[in-house]
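Asker: Sequence:
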Amino acid sequence: MVKYQGNSWESSGMDDGRKKSTILIYTGDHDLAKSLTLLLKDQYRVHSTTILTKATEIVERREVDLFIADLGLSLEVGLKALERMRQRNPQIPIIVFCPYQLRDSKIDREIRERVNFYFHMPINVDEIVHAIEKLLIFSREATRSNSDTRLISRS
Numbered sequence: 403m404v405k406y407q408g409n410s411w412e413s414s415g416m417d418d419g420r421k422k423s424t425i426l427i428y429t430g431d432h433d434l435a436k437s438l439t440l441l442l443k444d445q446y447r448v449h450s451t452t453i454l455t456k457a458t459e460i461v462e463r464r465e466v467d468l469f470i471a472d473l474g475l476s477l478e479v480g481l482k483a484l485e486r487m488r489q490r491n492p493q494i495p496i497i498v499f500c501p502y503q504l505r506d507s508k509i510d511r512e513i514r515e516r517v518n519f520y521f522h523m524p525i526n527v528d529e530i531v532h533a534i535e536k537l538l539i540f541s542r543e544a545t546r547s548n549s550d551t552r553l554i555s556r557s
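So the sequence shown is residues 403 to 557, counted in the numbering used here.
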């Protein structure tokens with residue numbers, strides 16, 4: 403079931419008795435937030451928001467296993483979101499979507515250094531789903547062996 407609450411979407415995932423990984427999505431694009439929530443809702447607990455302070459609140463009160471940030475509408479605010487997530491949880495796996503116009507720029511390279519997977523818009527849904535699965539598996543294994551999840555290859 404997906405609920406909408408003032409600029410935020412939330413799903414609890416399928417109820418099959420297992421603990422579901424929790425994904426937080428931050429984007430300034432309301433339609434993208436809704437689409438990604440609907441896409442992922444059956445496999446994961448998903449919280450998506452278009453407001454940075456709401457994303458920060460979610461991280462402060464819930465365990466988040468993966469953070470997805472869309473830097474397309476506001477690069478400056480998106481970079482703040484990345485910093486806040488890393489401050490709260492240095493090991494959290496992060497996927498970022500960036501505008502194609504940033505390709506091969508200095509800021510493009512700097513962002514790549516901070517995240518696990520990096521995609522230019524428009525996004526390919528199959529690639530995103532694969533990256534999520536890969537990061538969550540690696541993160542669980544890294545947690546068991548106390549490894550750093552940031553050592554994952556970037557696309």
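Treat the hints as calculated values from the structure; they're not laboratory data.
Among the clues, some could well be false.
[What the hints assert, rightly or not] Lysine to any residue pairs mimicking SDA-like chemistry, simulated, CA-CA at most 25 Å apart:
| # | residue 1 | residue 2 |
| --- | --- | --- |
| 1 | Lys443 | Asp433 |
| 2 | Lys443 | Leu454 |
| 3 | Lys482 | Asp510 |
| 4 | Lys482 | Glu512 |
| 5 | Lys482 | Gln445 |
| 6 | Lys436 | Lys508 |
| 7 | Lys482 | Arg546 |
| 8 | Lys443 | Glu512 |
| 9 | Lys436 | Ile530 |
| 10 | Lys482 | Thr424 |
| 11 | Lys456 | Gln493 |
| 12 | Lys436 | Asn526 |
| 13 | Lys421 | Glu465 |
| 14 | Lys508 | Arg542 |
| 15 | Lys436 | Leu484 |
| 16 | Lys421 | Asp444 |
| 17 | Lys508 | Ile539 |
| 18 | Lys482 | Glu515 |
| 19 | Lys508 | Glu465 |
| 20 | Lys443 | Glu543 |
| 21 | Lys456 | Glu543 |
| 22 | Lys443 | Arg542 |
| 23 | Lys422 | Ala544 |
| 24 | Lys482 | Tyr502 |
| 25 | Lys482 | Ser437 |
| 26 | Lys436 | Thr458 |
| 27 | Lys421 | Lys508 |
| 28 | Lys536 | Arg505 |
| 29 | Lys422 | Ile539 |
| 30 | Lys508 | Lys443 |
Asker: Hint check: Lys421 vs Glu465, CA-CA at most 25 Å. Holds or violated?
Answerer: holds (12 Å)
Asker: Lys482 and Thr424 were given as a pair; does the straight-line alpha-carbon distance stay at or below 25 Å?
Answerer: Status holds; Cα separation ~21 Å.
Asker: Quickly compare the C-alpha distance for Lys508 and Ile539 to 25 Å and report which way the hint goes.
Answerer: Cα-Cα ~31 Å, so violated.
Asker: Hint check: Lys443 vs Glu543, CA-CA at most 25 Å. Holds or violated?
Answerer: The given pair, whose Cα atoms are some 23 Å apart, holds under the 25 Å limit.
Asker: Are the Cα positions of Lys436 and Ile530 separated by 25 Å at most?
Answerer: Holds, because 15 Å separates the two Cα atoms, which is no more than 25 Å.
Asker: Quickly compare the C-alpha distance for Lys443 and Leu454 to 25 Å and report which way the hint goes.
Answerer: holds (21 Å)
Asker: Is Lys422 close enough to Ile539, meaning Cα to Cα at most 25 Å?
Answerer: Judged against 25 Å, a Cα distance of about 12 Å means the pair holds.
Asker: Check whether the Cα positions of Lys508 and Lys443 lie no farther apart than 25 Å.
Answerer: violated (35 Å)
Asker: Please verify whether Lys508 and Arg542 have alpha carbons no more than 25 Å apart.
Answerer: Roughly 32 Å separates the two Cα atoms, so the pair is violated.
Asker: CA of Lys482 to CA of Glu512, is that 25 Å or under?
Answerer: holds (14 Å)
Asker: Is Lys436 close enough to Leu484, meaning Cα to Cα at most 25 Å?
Answerer: holds (21 Å)
Asker: Has the given pair, Lys443 with Asp433, been kept, meaning a C-alpha gap of at most 25 Å?
Answerer: holds (15 Å)
Of the numbered hints given earlier, the model fails hints 5, 6, 7, 8, 14, 17, 19, 21, 27, 30; all others are met.
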